[in-house]
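Protein chains: 2
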Amino acid sequence: MIKVNEYFDGQVKSLAYRSEAGKSTVGVIEAGDFEFGTSEHEIMTIVEGELEVLLPGAQEWQSFGQGQKFEVPANASFKVKSKGQTAYLCQYR
Amino acid sequence: MIKVNEYFDGQVKSLAYRSEAGKSTVGVIEAGDFEFGTSEHEIMTIVEGELEVLLPGAQEWQSFGQGQKFEVPANASFKVKSKGQTAYLCQYR
Numbered sequence: 000m001i002k003v004n005e006y007f008d009g010q011v012k013s014l015a016y017r018s019e020a021g022k023s024t025v026g027v028i029e030a031g032d033f034e035f036g037t038s039e040h041e042i043m044t045i046v047e048g049e050l051e052v053l054l055p056g057a058q059e060w061q062s063f064g065q066g067q068k069f070e071v072p073a074n075a076s077f078k079v080k081s082k083g084q085t086a087y088l089c090q091y092r
Numbered sequence: 000m001i002k003v004n005e006y007f008d009g010q011v012k013s014l015a016y017r018s019e020a021g022k023s024t025v026g027v028i029e030a031g032d033f034e035f036g037t038s039e040h041e042i043m044t045i046v047e048g049e050l051e052v053l054l055p056g057a058q059e060w061q062s063f064g065q066g067q068k069f070e071v072p073a074n075a076s077f078k079v080k081s082k083g084q085t086a087y088l089c090q091y092r
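In the order they appear, the protein sequences are chains P and Y.
Note that numbering that gives the first Met the number 0 has the first sequence beginning at 0, numbered continuously upward.
Note that numbering that gives the first Met the number 0 has the second sequence beginning at 0, numbered continuously upward.
Hints are computed from structural coordinates only; laboratory data are not their basis.
Among the hints, erroneous ones may be present.
One-sided excerpt, in silico: chain P residues whose CB lies under 8 Å from chain Y [to be verified]:
#, residue
1, 9
2, 18
3, 19
4, 25
5, 45
6, 46
7, 84
8, 88
Take a look, some chain P residues computed to stay more than 12 Å from chain Y by CB distance [unchecked claim]:
#, residue
9, 16
10, 29
11, 51
12, 53
13, 76
14, 80
For every residue, glycine included, the Cβ atom is placed at its ideal position computed from N, Cα and C.
With the hints as extra help, turn the sequences into a complete structure.
Printed below as a string of C-alpha cells:
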C-alpha cells in the first residue's frame with residue numbers, strides 16, 4: 000500500500016512505501032519555513048528544487064540542490080527553508 | 000498547492016508540483032504491470048527501485064534502476080513492470 004501523509008495543513012505531502020533496502024517516502028514541500036522532527040535516522044535527498052537546511056546543533060544554514068543529500072539522526076529536529084516547491088526522497092536507514 | 004493523484008485503484012499515486020523548470024510529479028508504483036498514456040513529453044527518472052519498461056514502438060523491455068531515466072513522447076503509451084514499490088520523478092518538459 001502507498002500511504003499518503005500530509006503535514007503542516009497540506010504544505011508538506013509525502014507518499015510512504017518500502018523498498019528492498021527499507022522504508023522510504025517521496026514528498027513535496029511548499030515554499031516556506033518548516034521544522035521537522037525525526038523518530039528514526041533519516042537520509043534526505045533533494046529530488047528537484049533546493050532547500051536551505053539548519054541541521055541539529057548546527058549554527059549555519061546549508062544549501063542542498065538536486066541530487067544532494069543530508070542525514071539527520073533519530074529524535075532530533077531540523078529546519079528547512081524552501082524557496083519554491085521542492086521534491087525530496089527520505090530514506091529511513 | 001501539492002495535488003495528490005491516484006491511478007489504477009491507488010496502485011500508482013503521485014504528488015504534482017511545479018519547479019522552476021516546469022511541471023513535475025513524484026510518485027510511487029506498486030508491484031505489478033501497468034500501461035501509462037502520455038499527453039505531454041515526459042522525462043521519467045527512477046528515484047528508488049527498478050522498472051522494466053517497454054517504450055513506445057520498442058520490441059524489447061529495458062531495465063532502469065535508481066538515477067536512470069527514460070523519455071516518452073507526447074500522446075504515446077508505455078508499459079512498465081515493477082517488482083516492488085518503485086519511486087519515480089516525472090518531469091513534463
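Hint check:
{"no.": "1", "hint": "9", "in the structure": "holds (7 Å)"}
{"no.": "2", "hint": "18", "in the structure": "holds (5 Å)"}
{"no.": "3", "hint": "19", "in the structure": "holds (6 Å)"}
{"no.": "4", "hint": "25", "in the structure": "holds (4 Å)"}
{"no.": "5", "hint": "45", "in the structure": "violated (11 Å)"}
{"no.": "6", "hint": "46", "in the structure": "holds (5 Å)"}
{"no.": "7", "hint": "84", "in the structure": "holds (4 Å)"}
{"no.": "8", "hint": "88", "in the structure": "holds (5 Å)"}
{"no.": "9", "hint": "16", "in the structure": "violated (4 Å)"}
{"no.": "10", "hint": "29", "in the structure": "violated (7 Å)"}
{"no.": "11", "hint": "51", "in the structure": "holds (15 Å)"}
{"no.": "12", "hint": "53", "in the structure": "holds (23 Å)"}
{"no.": "13", "hint": "76", "in the structure": "holds (22 Å)"}
{"no.": "14", "hint": "80", "in the structure": "holds (16 Å)"}
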